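The residues making up each chain are set out below.
Protein chains: 2
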Amino acid sequence: MLKLYSFQGSGNCYKVRLLLSQLGIPFQVVETDILAGEAKTPEYLAKNPNGRTPMVEFGNGNILCESNAILYHFAVGTQYLPEDPLARTRTLQWMFFEQNNHETTIAVARHWLKYKQVTTEHRDRLEDLHKGGCRVLGVMEQHLVSRPFFTGDSYGIADIALYAYTHVADEGGFDLSGYPNIRTWLGRVSSQPGHITMDHICS
Amino acid sequence: MLKLYSFQGSGNCYKVRLLLSQLGIPFQVVETDILAGEAKTPEYLAKNPNGRTPMVEFGNGNILCESNAILYHFAVGTQYLPEDPLARTRTLQWMFFEQNNHETTIAVARHWLKYKQVTTEHRDRLEDLHKGGCRVLGVMEQHLVSRPFFTGDSYGIADIALYAYTHVADEGGFDLSGYPNIRTWLGRVSSQPGHITMDHICS
Numbered sequence: 001m002l003k004l005y006s007f008q009g010s011g012n013c014y015k016v017r018l019l020l021s022q023l024g025i026p027f028q029v030v031e032t033d034i035l036a037g038e039a040k041t042p043e044y045l046a047k048n049p050n051g052r053t054p055m056v057e058f059g060n061g062n063i064l065c066e067s068n069a070i071l072y073h074f075a076v077g078t079q080y081l082p083e084d085p086l087a088r089t090r091t092l093q094w095m096f097f098e099q100n101n102h103e104t105t106i107a108v109a110r111h112w113l114k115y116k117q118v119t120t121e122h123r124d125r126l127e128d129l130h131k132g133g134c135r136v137l138g139v140m141e142q143h144l145v146s147r148p149f150f151t152g153d154s155y156g157i158a159d160i161a162l163y164a165y166t167h168v169a170d171e172g173g174f175d176l177s178g179y180p181n182i183r184t185w186l187g188r189v190s191s192q193p194g195h196i197t198m199d200h201i202c203s
Numbered sequence: 001m002l003k004l005y006s007f008q009g010s011g012n013c014y015k016v017r018l019l020l021s022q023l024g025i026p027f028q029v030v031e032t033d034i035l036a037g038e039a040k041t042p043e044y045l046a047k048n049p050n051g052r053t054p055m056v057e058f059g060n061g062n063i064l065c066e067s068n069a070i071l072y073h074f075a076v077g078t079q080y081l082p083e084d085p086l087a088r089t090r091t092l093q094w095m096f097f098e099q100n101n102h103e104t105t106i107a108v109a110r111h112w113l114k115y116k117q118v119t120t121e122h123r124d125r126l127e128d129l130h131k132g133g134c135r136v137l138g139v140m141e142q143h144l145v146s147r148p149f150f151t152g153d154s155y156g157i158a159d160i161a162l163y164a165y166t167h168v169a170d171e172g173g174f175d176l177s178g179y180p181n182i183r184t185w186l187g188r189v190s191s192q193p194g195h196i197t198m199d200h201i202c203s
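Chain order of the listed sequences is A and B.
Residues in the first sequence are numbered from 1 upward in steps of one, following full-length UniProt numbering.
Residues in the second sequence are numbered from 1 upward in steps of one, following full-length UniProt numbering.
If you're looking for bench data, these hints aren't it; they were derived computationally from the structure.
Errors might be hidden in some of the hints.
Note that the list lumps identical chains together, so a pair holds whenever it fits in one copy or between two copies.
[Said to hold, decoys possible] Once the Cα atoms are required to be at most 20 Å apart in a straight line, the calculated SDA-like pairs of lysine to any residue come out as:
(1) Lys116 / Asp128
(2) Lys116 / Gly51
(3) Lys47 / Gln142
(4) Lys40 / Gln142
Predicted model, so just to flag it, every value in this text is computed and none were measured.
Just chain A, with the same shape it has in the complex (with noise of 0.2 Å):
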C-alpha cells in the first residue's frame, strides 16, 4: 500500500491526505514528527534528500515529494485537474504562486506562533511575513470576486493546495474578516463530498 510520511500540522501534508482521501485512494500514514527531525534521519534523508515532508512511497520504492507535485500527479486524469491546456498551465500557476508567495510567508509565521518560542528577531520578521501574507490574501480575494474556485467553475488541487494554509491563517496571526470572498471560497471547500478536516486522523 501507499505510504505518505506526514506530520498531522503540517497544512502540506494535509494536502496530500486530503486529496487522497477525496480520490478513495488507500494510503498508510507514516506520522513524521518534525520538530522532534523525523524528517532529517540518515534513513529519511535517504528516501528524500530535501529532509520534508509530505514524502510518498509507492510499493516498488518510488518516491514523491513536494505536495503540489504530489497533487499534481495523482489528480492527472481526474476531476480534480482541468484537462484543457491553458486550464491546467493556470491550476499550476496558482499552485506555485502558493509555493513561493503564499506559504513562505501564511505558513511560516503560522509555524513560529504555533510551534516555536517567538524570539525578538522573530517579532521583527514577523511584521514582514504578516505584511507579505496580507498582500497574498488580498490577490486572493481580488480573484474570487468573480469566481467559486481558483481554476474556475470547478474544485480541484489549486483549491486544495490554496485552502491547505488559509483556512489556518488565523494560527499565523491572520485575520480573515476583511476578506469576504476567501471566507466563502473556504465554506465551499469544506463543503465538498469526501472533504475531511485537518484534524482528522488517516490511518
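Dock chain B against chain A, hints included.
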C-alpha cells in the same frame, strides 16, 4: 505576437526567454523594470494582480504568470518535458523545490546584494539565507552525483528552472567551488543547442 513582460536581470524571467528561444517561438520582450515599480502600476496589476514578472500575454489577451507554470505550458509536447507520468511529476517536483527552497534563499540573497542597499537588518537575514541556500545546493549536488540532468538523461525544464539562479549564485555571495557536480551540470546546460545567456537581449 506573444508578449513577454520581463526584467532583464531576473532569473525567473530568464527561464522563459531561454525556453522560448530554444523552442524557436517568436516573442516580443516588454522590458519591465521591477525596481522602478513597473510591475505595480494599475495597468500591470489589471493583468497580473500579483505584480510580478515574468508575465506572458497572448495575442487574444490571455495572460499567464509564474515562471515555472509558463515553462510547463510551452514545454508540453516537446522534448523539454517528459511524457512518462512519474518523470513528469518529478520535473514538477524539482520546479516546486526551486520556487519554495531555492528561489527564496539564493535569489533573495542575490537580489539584496545586487540591487539593494544592504542594511544591518539585511545582514543578519543574509546569514540565514546563505545557510538555507547552501543546504539547497547540497541537495542538488547529491542528486547530480549519478545523473547528468535533474530529471534523468535529458535536459528539460527542471534544469532551466534550477539553472536560472544557480549560475549566478555567486552574485548572492555563494561559492560554488565546493559543488563540482553542480559546476559540471551548469556547463552541460549552457552547451545545449539554442542556449542563450542571461545577458542576451531578446528583441
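Status of each hint after checking the structure:
1. Lys116 / Asp128: Both. Shortest intra-copy (17 Å) and inter-copy (17 Å) distances satisfy the 20 Å Cα cut-off.
2. Lys116 / Gly51: The answer is within: 19 Å in one copy meets 20 Å, while 32 Å across copies does not.
3. Lys47 / Gln142: Between copies only: 12 Å across, 40 Å inside.
4. Lys40 / Gln142: For Lys40 and Gln142, only the inter-copy Cα distance (15 Å) is at most 20 Å; the intra-copy one is 39 Å.
In the structure shown, no violation is registered for any of the earlier numbered hints.
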